[in-house]
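Going line by line, the protein sequences match chains Y and H.
Each residue of the first sequence is one higher than the one before, counting from 0 in numbering that gives the first Met the number 0.
Each residue of the second sequence is one higher than the one before, counting from 0 in numbering that gives the first Met the number 0.
Just so you know, the hints here were simulated from the structure itself, not pulled from any lab data.
Here the structure is a predicted model, which means the values were calculated and not measured.
Ideal placement from N, C-alpha and C gives every residue a C-beta, glycine not left out.
Misleading hints may appear alongside valid ones.
Stated by the list, open to error - Only some residues are given here: those of chain H computed to face chain Y with a beta carbon under 10 angstroms:
(1) 123
(2) 144
(3) 146
(4) 148
(5) 152
(6) 217
(7) 228
Unchecked claim - The calculated lysine-lysine pairs, modelled on DSS-like cross-linking and capped at a C-alpha distance of 25 angstroms, are:
(8) Y:34 with H:188
(9) Y:34 with H:121
(10) H:297 with Y:34
(11) H:188 with Y:109
(12) Y:1 with Y:102
(13) Y:34 with H:151
Chain by chain, the residues:
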Amino acid sequence: MKDFGFTMIKQRTIDYDQFDGRLLNEVLEMEPSFKVCLSCGGCTATCSAVDLVSFNVRRMNLLLRRGETVELESEIKKCMLCGKCMLVCPRGINIRNVIMLIKKSIPKYKTVTL
Amino acid sequence: MKHIVIIGGGIAGIETASALTDAGHWVTVIEKEAQVGGKLNNWSYLFPDFTPVDKIKSVLQEKCSEKDFSILHQTEVSSIHRKNGKFNIEISGEHQLEADAVVVATGYELFDARRKEEYGYKIYDHVITSADLEQLLLPNGDLTVAAGENPKRIAFVHCVGSRDEKSGNHYCSKVCCITGVKQAIELRKRLPEAEIYCFYMDLRMYGKRFEELYREAQEKYDIEFIRGRLSEASEKIDKSLLIKAEDTLSGRPLKMNIDLLVLLVGMEAGKGTASAAASCGIGCEDSGFLKTADSFLKSNFSEQEGIFLAGSCTAPMSVNDTILHARSAAQEVNNWLLRR
């Protein structure tokens with residue numbers, strides 16, 4: 000296609016009505032402890048990866064809950080599965096299992112958002 | 000026998016009256032409405048354990064009928080003056096009462112949600128307050144929206160009229176957070192299929208079993224909590240609502256189409272409180288609630304000797320805290336009368 004030099008800017012607003020909750024529901028069903036995340040950031044603070052790469056475990060929760068599967072897939076690769084976050088979590092969430100579940104199921108549900 | 004006049008026949012007034020009668024005093028309660036119970040009459044179930052309000056109301060009513068204190072219904076205080084070490088209280092502009100001590104238990108008023116015009120209360124069809132919802136949560140309450148169908152997506156807004164410069168209220172009303180959690184759970188029980196969201200700034204689960212209920216709301220009842228304050232709601236042609244907020248944890252704006260919006264309204268001091276207080280020499284806090292002589296040790300004392308304070312006329316308070324504050328007021332009045 001001829002390039003006319005125009006670009007399409009991705010809308011920043013989260014349009015909740017377009018939200019695809021299938022991945023979220025599957026993860027919550029397999030790991031119900033994830034429902035009680037408070038977004039306190041304890042996991043991110045203790046994460047072994049954050050010193051090395053830009054990575055934020057707390058944001059996994061948000062990306063999942065807002066259906067941002069494309070970003071989620073690339074972000075989640077940075078996790079080394081060391082499990083330190085689970086030692087810190089005040090709600091006792093099995094974070095490593097959450098990450099594993101996302102990794103396993105994301106190819107099924109990956110949606111491209113404009 | 001000492002005579003004590005109590006202004007207000009809500010939870011605080013009746014509880015104080017009951018305890019002071021037990022202590023052997025002559026007590027008169029002045030109530031502006033035809034019935035006792037005050038704002039309790041607007042509520043159906045109480046947090047954090049869904050106690051039916053009728054249970055508390057029937058205990059109050061029992062106290063009114065069994066104990067020997069009198070209640071003057073549909074009566075208001077016109078003025079209070081000191082005379083020879085006693086108080087002269089003029090009621091409804093005609094009668095005079097003489098009292099040794101006065102207890103102010105005039106309670107609070109609900110924030111008028113119309114003042115937050117951007118949320119559209121009384122403008123759009125499906126915007127209601129937590130007090131409105133409370134009536135709908137009774138077993139025969141009708142939750143259906145425009146098309147006669149149950150709402151599929153419901154949002155609660157926390158801090159409506161509280162912690163808000165625009166409403167002129169800087170304080171936290173304390174009870175709305177847990178009220179939102181309670182009502183969200185009650186809605187979930189009635190509407191198992193609905194999506195339910197709470198938009199909050201902070202969640203302040205200060206009381207016994209509050210935090211546990213919040214956790215249960217997430218864990219067991221699938222209530223979704225989104226941190227961000229609603230900027231506005233707008234009605235669509237089909238009467239559904241488009242709401243906007245920032246999802247502050249993602250740092251991005253968010254919009255959502257919903258069927259029902261519930262505003263968790265806060266508490267305000269009664270409209271006449273400031274002028275009434277000034278006329279008998281009692282001060283008000285910046286919040287508009289009545290000033291106590293000391294926030295730690297004299298929370299039932301006003302700045303005027305012999306005038307005592309009980310309940311939510313001093314600050315936003317839960318039913319539980321009001322009962323305790325009223326009982327301690329009775330104790331303080333009794334001790335003060337004995338010392339005289």
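Each hint, compared with the structure:
1. For the restraint placing residue 123 (chain H) at the interface with chain Y, the shortest Cβ-Cβ distance is roughly 18 angstroms, beyond the 10 angstroms limit, so the hint is violated.
2. The restraint placing residue 144 (chain H) at the interface with chain Y is violated, with a minimum CB-CB distance near 17 angstroms, outside the 10 angstroms limit.
3. Among the interface hints, the one on residue 146 (chain H) is violated; its C-beta lies about 18 angstroms from the nearest C-beta in chain Y, farther than the 10 angstroms criterion.
4. The criterion of a C-beta within 10 angstroms of any C-beta in chain Y is not met by residue 148 (chain H), whose closest approach is roughly 18 angstroms, and the hint is violated.
5. Of the supplied interface hints, the one on residue 152 (chain H) holds, with its beta-carbon coming within about 9 angstroms of a beta-carbon of chain Y, less than 10 angstroms.
6. Nearest Cβ of chain Y to the Cβ of residue 217 (chain H): about 5 angstroms, under the 10 angstroms cut. The hint holds.
7. A distance limit of 10 angstroms between C-beta atoms decides the matter here; for residue 228 (chain H) the minimum to chain Y is near 15 angstroms, and the interface restraint is violated.
8. Using a Cα cut-off of 25 angstroms, the hinted pair residue 34 (chain Y) and residue 188 (chain H) holds, with the two alpha carbons roughly 18 angstroms apart.
9. Between residue 34 (chain Y) and residue 121 (chain H) the CA atoms are separated by roughly 35 angstroms; this puts the pair beyond 25 angstroms, and the hint is violated.
10. A C-alpha spacing of about 44 angstroms is found between residue 297 (chain H) and residue 34 (chain Y), which places the hinted pair above 25 angstroms, so the restraint is violated.
11. A C-alpha spacing of about 33 angstroms is found between residue 188 (chain H) and residue 109 (chain Y), which places the hinted pair above 25 angstroms, so the restraint is violated.
12. At roughly 37 angstroms between alpha-carbon atoms, residue 1 (chain Y) and residue 102 (chain Y) are farther apart than 25 angstroms, so this suggested pair is violated.
13. Restraint check for residue 34 (chain Y) and residue 151 (chain H): the C-alpha separation of about 21 angstroms stays at or below 25 angstroms, so the hint holds.
In this structure, the earlier hints numbered 1, 2, 3, 4, 7, 9, 10, 11, 12 are contradicted, and the remaining ones agree with it.
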